[in-house]
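Hey, can you work out the whole structure from these sequences and the hints?
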Amino acid sequence: MKNTKSLFENCCESSMFSKLHQRYAKDLHDFIYYKFGEQHNPKDKVQEAFMKLWENCKKISPEKAKSYLFSVANNTTLNVIKHKKVVLKYEQTSNPKSSDHQDPQFILEEQEYLKKYQKALSNLSEEKRVTFLLNRVEGKTHKEIAELLGISRKTVEKRIYTALTELRKEIHEI
Amino acid sequence: MKEEKLIKKWLNNELSEEELKAFKQLDAYSSYIKLSEKAKYFKAPKFDKQQSLNNIQSKIEINQRNSKSTKPIYGYIAAFVAVVIISFAIINFTNQGLSSYQTQLADTENIILPDQSQVDLAANSTLSFEPGTWNNDRSLNLEGEAYFMVEKGEAFKVNTSYGEVEVLGTKFNVKSRTYDFEVTCFEGSVQVNIDEKAIILLANDLLYLQNGSIQVEQVRHSSPHWKKDRTTLKSKPISFVIEELKNYYDLEFDAAEVDTSRLYSGSFPHNDINIALKSITLPLDLTYQITDKKVILSNK
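Protein chains in written order, with the numbering used here: chain A, 1 to 174; chain B, 1 to 300.
No lab work stands behind these hints, which were simulated from the structure alone.
Model, not experiment: these values are computed from the prediction.
Worth double-checking, as some hints may not be accurate.
To be verified - Covered stretches of chain B (in silico footprint by chain A; criterion: 3 or more residues with CB under 8 Å from a CB of chain A, positions within the stretch not fixed):
#, stretch
1, 6 to 13
2, 40 to 50
3, 195 to 204
What the hints assert, rightly or not - Chain A regions said to be covered by chain B (calculated; three or more residues, Cβ under 8 Å):
#, stretch
4, 22 to 36
5, 50 to 64
Even for Gly, the Cβ is constructed at its ideal location relative to N, Cα and C.
If you want it as structure tokens, here you go:
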């Protein structure tokens, strides 16, 4: 029974480890993807971060696991290549359910818009791109993003707002 | 300046109706909406959690086999499972020196335990523990609902008729009513031992029972609703809702005319019976009548 003492002191219990994976793996993956794009293979980075967590599990309490995972993923990714421009792919708009009789002009404009959007996104700083996309695409609240990245809510708010205005300036040419 | 504030609120879904109108008046309104909508085209590729975990686990296994030390991790897992299986506590209520606290209807109580951990006991609940052995054995018994703020230390256990809830240092709420069982973790981590399963909860996880099966989902509130004099329920039968009301209002209920298996989602206050009953009956299209100490629920 004395084993219960060390139940949650670290991340070495396999059930705690799985739980941490279940809670943070997807967020970690999305974070890496939005920050660095596909060039670093986000799925592998998630795996590496969790392997590192496992190797050092004795030293890390479950409360610290999240920030550990995010900083490991961040650092190993930085080590690989220093800054190529990050270009995120967009979903092709020719979805069959709505485009039966779509105006070719409309489709063309749509494509133009997305191309501009893509370029504008890669011109954003990494921090702004990540917070903006976690908020708009993944539907996370300012509070959730702040907790995930270990920054203040005010900072999150500021980053998303500036990202939006910068994108608008570039895409809508104001 | 005002524009910036509106946009920031919009980005966090915080606009009131008034503000939304003002936001729609902005010149740039349509371009913001378009930017927000088109952002979804850049969604990250699908991430398969199960596959990812499987890969990691098999990689760990390979590493383990290759490393010289031949301690298989499954040994630990087996030991852990064994610990969990034998960790069902049987509570002896006849023990001497048992401290017991009980709250009446619509009553709450704050209790400070010998190690400075705190318990807020919700209405109509009972909590007991042995102060004499507390320093060696932090375990207590709960019937009803309580919010715990546990100081760091040895394992801390809450025994309920459904199973036990086990933690080190953390904040969590346990609701163990005859009709319902829920555990919400607000800080740190919690293990719930129930039906011979050990389920770990991290901050913002809610565990509840649905038709006897265990469900876990994430919540966004940061302290229990009852601490703010409200009860919030999600998809609970009317019969549960009535039981829940009885903890806060000294009333009899007659629901013979309505189908009490219908599900209710919503929240009601603990300090105003009329608002509470309206909050419950309106969404379900029912009406109510209070006579003397009795509430009669009926179909519209």
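Do the hints match the structure? See the list:
With 5 residues having a Cβ less than 8 Å from any Cβ of chain A, the stretch 6 to 13 of chain B passes the three-residue criterion, so the hint holds. Given as covered by chain A, the stretch 40 to 50 of chain B passes the check, having 8 residues with a CB less than 8 Å from a CB of that chain where 3 are the minimum. For the stretch 195 to 204 of chain B, the stated coverage by chain A is satisfied: 3 residues place a CB nearer than 8 Å to a CB of that chain, which reaches the threshold of 3. Residues of the stretch 22 to 36 of chain A with a Cβ under 8 Å from some Cβ of chain B number 8, which satisfies the need for three, so the listed coverage holds.
Under the rule that three or more residues need a Cβ within less than 8 Å of chain B, the assignment of the stretch 50 to 64 of chain A holds, with 5 such residues.
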